[in-house]
Amino acid sequence: MTTLAPPTADLRRGVAYWWHSYRMMLRWQLVSLRLVLPVTVMVQVLTGAGFVLALGLFFGQVPPRAALFISTGVLVLTLVTIGLVLGPQLIAQQKAEQTYDFLWSLPVPRTTAALAWVTTNLVLGVPGMAVALAVALWRYDLDLHVSPAIVPAVLLTLFTGTMIGYALAHALDNPMLIGAITQLTIFLILGFSPINFPADQLPGWLAALHPWLPLAPMADTVRAALTQGVVEDVTRSYLVLGAWAAASVAATALILARRR
Amino acid sequence: MTSAALASPTLRRGPGYWLAGYRWMLRFDLASSRSWLASFVIVQVLMGAGMAIIYGFYLGDMPPAAATFLATGAPTQALVPLGMAMLPSLIAVRKIEGTYDFMWSLPVPRTATAASSFTIFTLLALPGVAASLGVAAWRYDLDLRVSPWVVPAVLLVSLMAASVGFGVGHAVPDPGITNLITNLIIFVVLMFSPVAFPIENFPGWLAAAHRVLPFWHMGNVVRDSLTDGLVPAVGTSYLVLGAWTLGTWLLAAWAIRRRR
Chain A
130 MTTLAPPTAD LRRGVAYWWH SYRMMLRWQL VSLRLVLPVT VMVQVLTGAG FVLALGLFFG
190 QVPPRAALFI STGVLVLTLV TIGLVLGPQL IAQQKAEQTY DFLWSLPVPR TTAALAWVTT
250 NLVLGVPGMA VALAVALWRY DLDLHVSPAI VPAVLLTLFT GTMIGYALAH ALDNPMLIGA
310 ITQLTIFLIL GFSPINFPAD QLPGWLAALH PWLPLAPMAD TVRAALTQGV VEDVTRSYLV
370 LGAWAAASVA ATALILARRR
Chain B
114 MTSAALASPT LRRGPGYWLA GYRWMLRFDL ASSRSWLASF VIVQVLMGAG MAIIYGFYLG
174 DMPPAAATFL ATGAPTQALV PLGMAMLPSL IAVRKIEGTY DFMWSLPVPR TATAASSFTI
234 FTLLALPGVA ASLGVAAWRY DLDLRVSPWV VPAVLLVSLM AASVGFGVGH AVPDPGITNL
294 ITNLIIFVVL MFSPVAFPIE NFPGWLAAAH RVLPFWHMGN VVRDSLTDGL VPAVGTSYLV
354 LGAWTLGTWL LAAWAIRRRR
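Line order of the protein sequences matches chains A and B. All residue numbers for the first sequence refer to this note's numbering, where the first residue is 130 and numbers rise by one. All residue numbers for the second sequence refer to this note's numbering, where the first residue is 114 and numbers rise by one.
It is worth saying that the hints were derived from the structure and are not from the lab. Keep in mind the model is a prediction, meaning the values are calculated, not measured. One thing to keep in mind: the hints can contain errors.
Partial list, derived from the structure: chain B residues whose beta carbon lies under 8 Å from chain A [claimed, not checked]: (1) Pro128; (2) Trp131; (3) Gly163; (4) Ile167; (5) Phe170; (6) Met175; (7) Thr212; (8) Trp318; (9) Trp329.
Stretch by stretch, here's where chain B covers chain A in the computed footprint (C-beta under 8 Å, at least three residues) [as the list claims (entries may be wrong)]: (10) 157-164; (11) 273-285; (12) 370-377.
Every residue, glycine too, gets a C-beta built ideally from N, C-alpha and C.
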């Protein structure tokens, strides 16, 4: 009786394998989103530019402080809506269509899937951000001071937003519930967070709560990298944001490592 | 050879038959919406209340006149998404699910089906309107002068929104395009319409467009019924809204009379 040869001789570990898998997952995600992608980028660009322009209709004569806040806040908006809103909805759809389990059966490390998704978000978010900033500069006489801190601020904001949405979507099983939560998130982001307007225009208790939630620190770090003298201390914001990022990575790892 | 008896001896015409058809369709629509009706009314109330508050966050401290203007725009904005977005997407869902043709195969006059949709979507808007007005009055400490005109104003605005939604939903064959149109409507209404802010803030071409489009006139008739002296020449607005209602009825009549 002869022994059977193992089906594959490749070693499924190591940096090279991981890197290869990451590139495969990135391609997989971009290809599977090819229909949604152009529309999403368009919506991003339109809402980003739309917010900047609509503010002028709000006020008539826009006060410089309001213009500065909305022009910098819209960048945060375009960076996080995909990760916090579209991402969970896509995963909810996979769960509803029952392709979710298939995706996890692919022979790649699970971290590559998560990082490929963060990369996709970066590709999707940056064009909208750039257009929003360009429109803001053209429409308002802004006093911007861009510092190198913009790179870590944008990356950390994007990473945290994406991972929070990711953890949420993997943790919840009911697609309807995920849908409802994302709708509520949009409402919260646009209407009840000090992203597009200063925190002192919110009621006191809400303004006091926000430094502990991720949205206000996101806005603070990005705004501090674009302006001078508007945001006072960003160290705390970076710490809070880092904590949220670490917590959502840990939560995702726990959920995805589970076997069923 | 004997002639076969007719399957149904009742006469399928006349006001009595129409009224019976209308009642059946009303029951049919209410029963088929029972799974989402309650959650929908709650969302509607939250949206209405939220809109009244959120614009205030963006604007910061306001003089009472500006607050009154803003608050009396909130009810209108709360009811636009219902008729203009919810109703067409409901029709689009029926087209996707393949139940659309079944609806038209029911033995009732098509006008009765349409009247039933209008009734439900006109009345569904009322809780949101009440909530937004209540919250706005409480939050901004307003001096509202509610006149009896509030009844025809709200009913007409709500009916008009439902008529536009009904016309779009039935006349546009592709559900994907319907969704695109409804999203565009929401975007325009919430950000670029002179409902919550004065038309004087708008650039000339956009203001001119809004004198023909229904949104500004919707805001006008509702605001006029709640305040004194803020709206000049409200008669024109009633006429424009009436024209839009009739126009979209003609569109809908053309769309639902077609045979395939």
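B/Pro128 as an interface hint toward chain A, with CB separation required under 8 Å: violated, 42 Å
Minimum beta-carbon distance criterion (8 Å), B/Phe170 to chain A: holds, 5 Å
Restraint check, 8 Å cut-off on beta carbons, for B/Thr212 near chain A: This interface hint is violated because 19 Å lies over the 8 Å limit.
Assertion that chain B covers the segment 370-377 of chain A - criterion: three or more residues, beta-carbon distance below 8 Å: violated (count 0)
Within 8 Å of chain B's CB atoms, at least three CB atoms from the segment 273-285 of chain A: coverage verdict: Violated - the segment 273-285 of chain A has 0 residues with a Cβ nearer than 8 Å to chain B, which falls short of three.
Interface hint for B/Trp329, Cβ within 8 Å of any Cβ on chain A: violated, 12 Å
Proposed interface contact between B/Gly163 and chain A, which counts if any beta carbon pair is under 8 Å: Result: holds, 6 Å to nearest chain A Cβ.
Hint validity - B/Ile167 Cβ closer than 8 Å to any chain A Cβ: Where the cut-off is 8 Å and the nearest Cβ of chain A is about 4 Å from B/Ile167, the hint holds.
When the least beta-carbon distance from B/Trp131 to chain A is tested against 8 Å, hint result: B/Trp131 check fails; min Cβ-Cβ to chain A is 38 Å, beyond 8 Å.
Hint check, B/Trp318 versus chain A [nearest Cβ-Cβ separation less than 8 Å]: violated, 13 Å
Evaluation of the interface hint that places B/Met175 against chain A, nearest CB under 8 Å: For B/Met175, the interface hint is violated, since the closest Cβ of chain A sits about 10 Å away, which is over 8 Å.
8 Å C-beta test of the segment 157-164 of chain A against chain B, three or more residues: Violated: only 0 residues of the segment 157-164 of chain A have a Cβ under 8 Å from chain B.
Checked against the numbered hints listed earlier, the structure breaks hints 1, 2, 6, 7, 8, 9, 10, 11 and 12; every other hint is satisfied.
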